[in-house]
Structure formats: structure tokens, C-alpha cells
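Asks: The primary structure of each chain is shown beneath.
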Amino acid sequence: MLGVLAVVYMTAPSTPPAAAPETGQTRGSEKGMFVATFVPQGGAARQNELQDWVLTLKTGAGQPVENATIEIAGGMPQHAHGLPTSPRMTDYLGEGRYRISGVKFSMSGWWQLKLGISAPAGSDTVVFNIVL
Amino acid sequence: MKRFPAQFREKFVTVFRSELRKNKGLERLRGPVKNAFGIALVLSLAAVVAGCGRPQFSEAEKRTIASLALSALPPLKPDTTNRYADNPGAAALGATLFFDFSLSPTGTVACSSCHQIGQQFQDGLAQGMGVGRTNRRTQPLAGVAYSPWLFWDGRRDSLWAQALVPLENPLEQAGNRAAYARYVKARFGERYERIFGPLPDFANVPANASPVGSAAEQSAWSGMSDGQRDGINRVFANIGKALAAFQRSINPRKARFDRFAAALAVGQEPKDDAVFSPEEIQGLKLFIGKASCSTCHNGPLFTDHAFHNTGVPPVVDLPPDRGRVDAVAQVEADPFNCLGTYRDGSPEACGELKFMVRDKPELVRAYKTPSLRAVAGRPPYMHAGQFGTLEEVVAHYAKAPLSVEGVSEVHPLQLSERERAALVAFLKTLSP
Chain A
1 MLGVLAVVYM TAPSTPPAAA PETGQTRGSE KGMFVATFVP QGGAARQNEL
51 QDWVLTLKTG AGQPVENATI EIAGGMPQHA HGLPTSPRMT DYLGEGRYRI
101 SGVKFSMSGW WQLKLGISAP AGSDTVVFNI VL
Chain B
1 MKRFPAQFRE KFVTVFRSEL RKNKGLERLR GPVKNAFGIA LVLSLAAVVA
51 GCGRPQFSEA EKRTIASLAL SALPPLKPDT TNRYADNPGA AALGATLFFD
101 FSLSPTGTVA CSSCHQIGQQ FQDGLAQGMG VGRTNRRTQP LAGVAYSPWL
151 FWDGRRDSLW AQALVPLENP LEQAGNRAAY ARYVKARFGE RYERIFGPLP
201 DFANVPANAS PVGSAAEQSA WSGMSDGQRD GINRVFANIG KALAAFQRSI
251 NPRKARFDRF AAALAVGQEP KDDAVFSPEE IQGLKLFIGK ASCSTCHNGP
301 LFTDHAFHNT GVPPVVDLPP DRGRVDAVAQ VEADPFNCLG TYRDGSPEAC
351 GELKFMVRDK PELVRAYKTP SLRAVAGRPP YMHAGQFGTL EEVVAHYAKA
401 PLSVEGVSEV HPLQLSERER AALVAFLKTL SP
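Same order as they appear, the protein sequences are chains A and B. Position 96 of the first sequence, counting from 1, maps to 96 under the working numbering, and the rest follow consecutively. Position 36 of the second sequence, counting from 1, maps to 36 under the working numbering, and the rest follow consecutively.
FYI, nobody ran anything at the bench for these hints, they're computed from the structure. Mixed in with the good hints, there may be bad ones.
To be verified - Derived DSBU-like pairs: lysine-lysine, alpha-carbon spacing no greater than 35 Å straight-line:
#	chain 1	residue 1	chain 2	residue 2
1	B	360	A	58
2	A	31	A	114
3	B	62	B	399
4	A	114	B	360
5	A	114	B	354
6	B	77	A	114
7	A	31	B	360
8	B	399	A	114
9	B	360	B	399
10	A	114	B	62
11	B	290	A	114
12	A	58	B	354
13	B	354	A	31
Okay, chain B solo, but in the shape it has when bound (with noise of 0.2 Å):
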């Protein structure tokens, strides 16, 4: 016969007994009616412990919580449109450039300023804080490779092509290409030239010079030759290949959900910090169920990598932002983007691009579903933070709000308050 797992044991009659301390029915009752009662009482109590044995899930339960299992998580693909991706000496070179400060002309911003090492790559603002504050929440970085799309509208389609556009931000690092340019072959150059080939020359390159910056940088730029704006894209596509290369190597850990999942899957009893309390076996029955939480944060990521209007209120003083609906044009003019020049190996590569939605409604305000892994530990949370903590992203989920532009996908649900803080006691069980 299946038995409870003892933690769930002692919590049931933990719980049962204080019922009874409550009931004051109960305290005035005496001597045999009294015991008749208590046995009765354990009676049932047993009864319901052998006839409801171990926690049961369906096995079309099982199935799922095995698909979210990070041991479901299939090796990282080759991206070849990258054909330094899994180079080391470009992943350590994109390491030192991840970490460089003077990767911005203050000295002050580098990738890891708002990717911080030691908060799962992520700042725990609100809003992203470079040489400005950022319009979106800053990003965790574990794996962030398997996504086809980067950026919470995912106006870029690589993350060597992501990883330039922070470069260039006033907001964030604020510099411009050809001050990168030179700077590599300045300071990495030897490095740079054993991975990527023979650098250009600049000497007759403006110092400052990008198609994307200030007025005096646009107008350096459109004073350069094809041949020296292509050296300098080229030179700055490759520092995003060895920014990606890095981030590559950047994936989740094991969580307490996965230990978990691992019993489940070959009907072993979970053990040690793998033991589930009644609560979070209740949210994650309801996170895969009840509250169809899994229909986006599906996969071991814990996200379908697709774009959402899910009714997320705006925040007050930040620029207007659409989502989605407006990052399909810019993503198409990137001249990083997939069908563009500096993209290595086959256009083959390139169908999420190529077969991309470009006009549908439902782009308004969606953003693209964030994982879930370790979510417990970086709160604020969504593509502004705007929500403090879990409670209140349940709430939100719960409550679906109508979208203050476009169709909001979330509907209405009713969750007592028992359910909503299941749902969070589950959301922090897929933390290490």
C-alpha cells in the first residue's frame, strides 16, 4: 500500500488536532463520549490516510511535470549563424567583455552592471539601471541561448545580435561601434585576431562614429566609406558572437522541483529537500491544471518562448511601449538580423525570422513569457517590474485585468486564497 510521505503525515494531524483544540463543542464533552468521539474520529482520519495513500497525480499529470523537468531540457543547438558559438576562446573573450567596464564611454557600465553574477545575471530593479534608467526589468541570462527571440518583445532574433544593442543604448552602455572597434583591437586585439582573423585598419576611421547615435556619431558614420562601415559592423558583430559565445554557457540549475520530478518519474519516494508539503503538491497540481499556468510556462524552461498579452498594466512615467507589434519592424531592419549580412553559415537558420507574424492584433502589448526557474529569488517581476512579489502575480493571473490596449489572453479564475498561496509555495520550488 502507498503511504503519505511522513512530512505530510505530521502536517495533517498537526493541523487536525488544533481543529480539535478550537472546537469548544468538543472540550465540553466528557469521559466515554468523549473517547467514543476521539476514536471515532481517529478512525476516519486513518481511514482517509489508507484509503487516499501517497499524493496521486494522473498520468497525463505525470507526463507534464516530467516535461518540465530540466532532465526533459535538450542539449543547447548549434547556432550557426554564429560560427564562434561554441569556440572557447570566444567564450572567454566574450566573458572579459561581459565584465569590462570600459565597455561604456563613462567607464562605469559594463553587460554585468545590470547581469550581475551573483543575482542569476539579473539586477532586481524594476527597471534596468545603465548610464540611465532602462524602459524594461532586466533579464536572468540561464538559458538564454535556447530562445529565438531576445528582449522581453524580442526585437532581436540572436543573442549575438542582442547582445549589441546595449552597447549602443544611451540608456544602458551608451558607446557607439567604431570607439568599439578600436578598442578591441586596442586593447584584445591579439586575442580578438586569434579567433575572428586580421582586424581591419582605423587609422583613417572617426573615433566615434555609429548609424545609431548621437547626431555628430550619425554623421561620422555617413562620412565613412561602405569599406570602413562594413569593417567596423564586422568588428562589432564579432564582439556579439563572443558576448553570445559566453552567454552560452550560462544555464539553470537543478531545483528542488526537479529532484521532485526525478522521484515522480520512476515511482520513487522523494527524499531529503525533494519532499513536497500538501501546499506546493496542491500549486503544482494547479499551476499544470486548474490555473493553466503550464499552457505558457510549458517546457523545461518554463516558457513557450512566444509573445503574450497578458493584460500587464503599463507604468505610469515610462515612454509609451507596445510590446511585441512594435519590435517586428525593428527586427526586420536589424542589420545583425538573421538575413543579414554578418549572419554566418546557411538562410536556413533563419525560419523564425523568415516565418515570423508580422500584423496580427495580438502583438499589441505581448511580451514574450519569461522561465520561471528560480523566479522565487528575483522579484520585482514582468517586463517593467511591475508586480513586488508572487502574491501578486497570482493575483494578477487570477484577477486578468482588461489590457489598456489590445486583447488581454487571460481569463477571470477563481482561486481561494488556499490556492493562490499554493501557487506561489510551488513557483519557489523551482528555485536550487
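The shape of chain A in the complex, shown without the other chains (with noise of 0.2 Å):
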């Protein structure tokens, strides 16, 4: 019976992952002081690559937001481990969008990335999800 055993879990599919995180990229900051939208310059998100990202902040009632700085923190929750690289803001482009360098992703899988926010109205946190 072994040989059977072992074509019928050969065979059988593989436990679906985990309900998928909530992945949209523009999401309010946990405050709701800001709404960031936070994308990679080059359009996608690329695996084991260098990129910038450009976040564009604006309040609730749609201004932008100037003169903010951004720590970024983040790592991936399903592992013991932060990021690979150390983004961080690079130039403000103007109309509260802000070039953040240094991202990469090593591997697939969720990753979280963690932008605090400090502007002249105040500070706020907010969390995209990535998923490669």
C-alpha cells in the first residue's frame, strides 16, 4: 500500500496559502491623517532588484503633503527577517510625491514595508503589503 499512498499524496494538491493580505496601493495611514499612494517607479514590483518607488501623500481632503520625512521599516511577517536593503527618501518630485531608493525584494512571498510619516501636520504610520 505504500507505493499507493505515496501517488495518492504525490498527487493530491498542496495546502492553499494563507489568506492573501490585503495588497492595494493606496491605503489610509493608520490615524487617518494621510492617504499614501506608494508605487515602483518602473511600474512593477521586481524580485532581487534595486528599485525606486515613488510615494505620494495627501491628506483626507485630497492636498498634498510637503515637507514630510519617511522612516521605513518593514521585513517579511511569515519570517524571522527585515529587509534585505535600508530605503530611504531620496528626493521629494513635488505634489507630495517622494522617491524612496533602495528597495528590493530577495524573495517571494509577503512583505510588509512600514512608512512613518512626520509632516508639519503631524505624524502617522501606514503599512502596504506587498506580495511577489
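Hints in hand, dock the two standalone chains.
Replies: Structural data, given as C-alpha cells:
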């Protein structure tokens, strides 16, 4: 019977992955202070490549947020590790848009980027889920 | 209807027959009863064969398998930090230097002493042996130019900067840069100048001098003028750039796995040695599924080029080794790093160094994920050759012991003996 069991095991569908996290590119910040949009500058997130991303910050009323400082942390919630690089804001592009450089995802799976935003109006945090 | 590969069918039936033979209860059955039972068994076997068809992969599994195939490896990008990276003359000089035993004062150690051409450019030893015994396992070189970080701990950020370290390491080639510059001028001056331009005048340069050498060499180095030091450093950097140009040509060869993946990608039946046994298929499914090996061992080189603490135990008689956490300061201080004056091209190429992680606890005892291509042919494994066999490696990852320092990223995993063997069987398919 071992042979039969092995065949059954090998052809059984693999376990479905855990519920997918919310991966929207536009998210409200935790306290509702900002609406943030975070997209890769090259169009798509690519694995194992250093990329620039663009963060667009608006108020709830849709006004661009200027003069913000941004701290970036994150990692893979399902593994005990953070980001493989230390991304940081490298440029202000106008109209509430900030360039975040040095973003890299070294493996497939669920990544989280936590952006700590400090603007003249106040500070808040926004979390983006990225699944590769 | 899809069919089992012939090899699979045969193995299946063989296993089934031996199960029948072993079953003493069945042996006691006689005549019609036995025949009826036998027919029922054959029918159920046929139903299983017909129902299952060829071992199937989900679309997600097929995508992952395609992403691991060598055909998914992009062409090597130009290395703008080394303007000689794709210069054939530099690669040829690099090849000469790579095999040159005179690049050690003892005349006994070349790059090729540890990176042996017939052994995947490694030496099969737990720790590399140069002039003395080193602290780390010699790494193979196939595909090395794809790596943004060099050494197990990434203490160098380019292939050319890496090549300079063993030359001056007292346990490896144990030389010094002033002597190397003089040697290259004397032995290969014309070839060098055709590639890199005029060599400096070494008339008043000490025979032996280096900022990282013996006390006498360091003293000689401090006694030199800035211009002399820069002249030596430039020749030294160019030796590294020639060695890197040569090593860029060392690439992995197609493995059995690649032939299997190529057939799978176009929906064809694998042929000849591309046919995987049921065990190898089970191992592949585990590798990209339940065992999560491909989380880190991803892409066509089976590495994420990143650093992880996986709880690999230290070697008792070696000096303390904390991996990546101690390499950060070294690569930042390296005058030959991407942001230093010996880099060619623009600092745009220095993203990895500029944005490297500097101070996270997860860097403690983190080591670079090694490529698994042709891995079965080069025991022992891990950064100091801690495990003698692939079976031990798989057992380590299943058990996932705590790290002696820092936190291991690996979680324990229940794997049956059969599953472990299947993983090892799959790993063996990564060889040509």
C-alpha cells in the first residue's frame, strides 16, 4: 500500500496558502491623517533588484503633503527577518510625491513596508503589503 | 489522456509486487479467491494510474519551476565599476594570474589552489587551505559575477574588490600589494600596459608594503608618499579587475533539472535523463512547497544573494565567527569598495552599498545563501563545512536548532525519512 499512498500524496493538491493580505497601492494611514499611494517607479515590483519607488502623500481632503520626512521599516511577517536593504527617501518630486530608493525584495512571498511619516501637520504610520 | 512516464509505472509496479510478496496472508489465498483478489488489485492499480495521469504540477508550481531553470538566468549585466570587466585581454591576464603560484611569497598558493578548476572551482575541504588553514569553506565560482556581495559574509561588494583579499590574507596567499605591483610589472608589464595603461615607476617603492600586512609592511606603507600609495593601489585594483574579468566567464552548466524544467515548460514528456523519478518529483514539490527551500534558494542560481541566520553551529576550534554583522564595517571601510576612488563609472552603481542594512539584530550569524547548482558534487556544506552530506543538511533544516547567537530564521518542520530522501534526490538533479 505504501506505493499507492505515495502516489495519492504526490498528486494531492498542495495546501492552499494563508489568506492573502490586503495589497492595495493606496492606503489610509493608521490614524487617518494621510492617504498614501506607493508604487514602483519602473511600473512593477521585481524580485532581487534594487528599485526606486514613489510615495504620494495626500491629506484626507486630497491636498498634497509637503515637507514630510519618511522612515522606512519592514520585512517578511512569516519569516524572522526584515528588509534586505535599508531604503530611504532620496528626493522630493513635488506635489506630495517622494522618491524612496533602495527598495529590494530578495524572495517571493508576503512583504510588509511600514512607512513612518512626519509632516508639519503631524505624524502617522502607513503599512503596505506587497506579495511577490 | 496523460500517462505516467514509463519509469514511474515500472517503479510503481515493482513496489506493488514486492508488497504482495511480503504479504503472507495473500500467499495463503488459493484458486478463485486469489485470482479475484488479484484482479481487483490490478483493476484498482489501473484506476489509480488512469486517474492520476502524469504527476501534475499546479500552475503556481510550474511558474516556480520555470523561475529556477537556468534558461531564466538573464545575461550578466555590465559591471560599470570595472571598465575592464568584459575586456578579453583583461580576462586573459586574469586567467593567467588566477593560476599563478607566484602570487604567493611561498610560491605555493594560487587562486586556483582553493578554487580548483576540476572541482567546480572549490576544494572539497571544510575550510580552505592556503598558506594556512582559513576559517571558511571555499565557495565554487559558477555564476559568481551575479552576486552583489562576495564572501560568505559579504565583506566585499564587487568581484574585483573580493579578489584582492586572499592575495593579502596571511592564511591564504599571504603577499602584499607592493610586491604584487612590482611582480606584475616585471612579469606581465607589457600585457598589463596594453590593457590598463602605463605602470608607475616603482624605483623608490619598498619591495614589501601594505596597509594590512605585517608590522614591517605596514611601516613601509606609512613611509611612502600619497602618490606612491595610490600608484600601488591602482595596480593592485587592476589585478583584481583582471581576475574579476576572468571569473565573469565561469558560469553554471545545464543540469538534469533544467532539462526536466524545459520539457515541463512546453508541456512535453521529459526524455532520457530529463525523466524524473517519483522520488525526485516528490523532492522538487517539497523543495518549492512544504519545505520552503525555494524561499531563499530562489531564481536560476538557487540563491536570493541575501544573508540569513539559519542556526548553523560554529566549528569549535575556529575563531569566533559572527557572519554578516561583522562584515558591514569591513565593507564600508574597504578603500576598494564601490564608493571608493578605484571604482570606474558612476556611483549610481553603488546602490547595494549605499542602501545596505547596517545594524539589525538579524545580521548576527547571518551568512549568504549559497547557490545549489551542482551542490551534490561538493561536500562538505555550510560556511565552514559543518555538514558532510546533503542528508545532514536536510536534517539540520528540518530540526531547525536554535542559533548559538542571534535568532535562526528557520522553523522546525516534520519531514518523514522518505521526504528527506526525496529532497536529497531532487538536489542531486541540480548537477549536469
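Asks: Each of the hints needs a verdict: does it hold here or not?
Replies: Quick rundown of the hints versus the structure:
no.	hint	result
1	360/B x 58/A	holds, 31 Å
2	31/A x 114/A	holds, 14 Å
3	62/B x 399/B	holds, 28 Å
4	114/A x 360/B	holds, 16 Å
5	114/A x 354/B	holds, 20 Å
6	77/B x 114/A	holds, 31 Å
7	31/A x 360/B	holds, 28 Å
8	399/B x 114/A	holds, 32 Å
9	360/B x 399/B	holds, 25 Å
10	114/A x 62/B	holds, 32 Å
11	290/B x 114/A	holds, 28 Å
12	58/A x 354/B	holds, 29 Å
13	354/B x 31/A	holds, 32 Å
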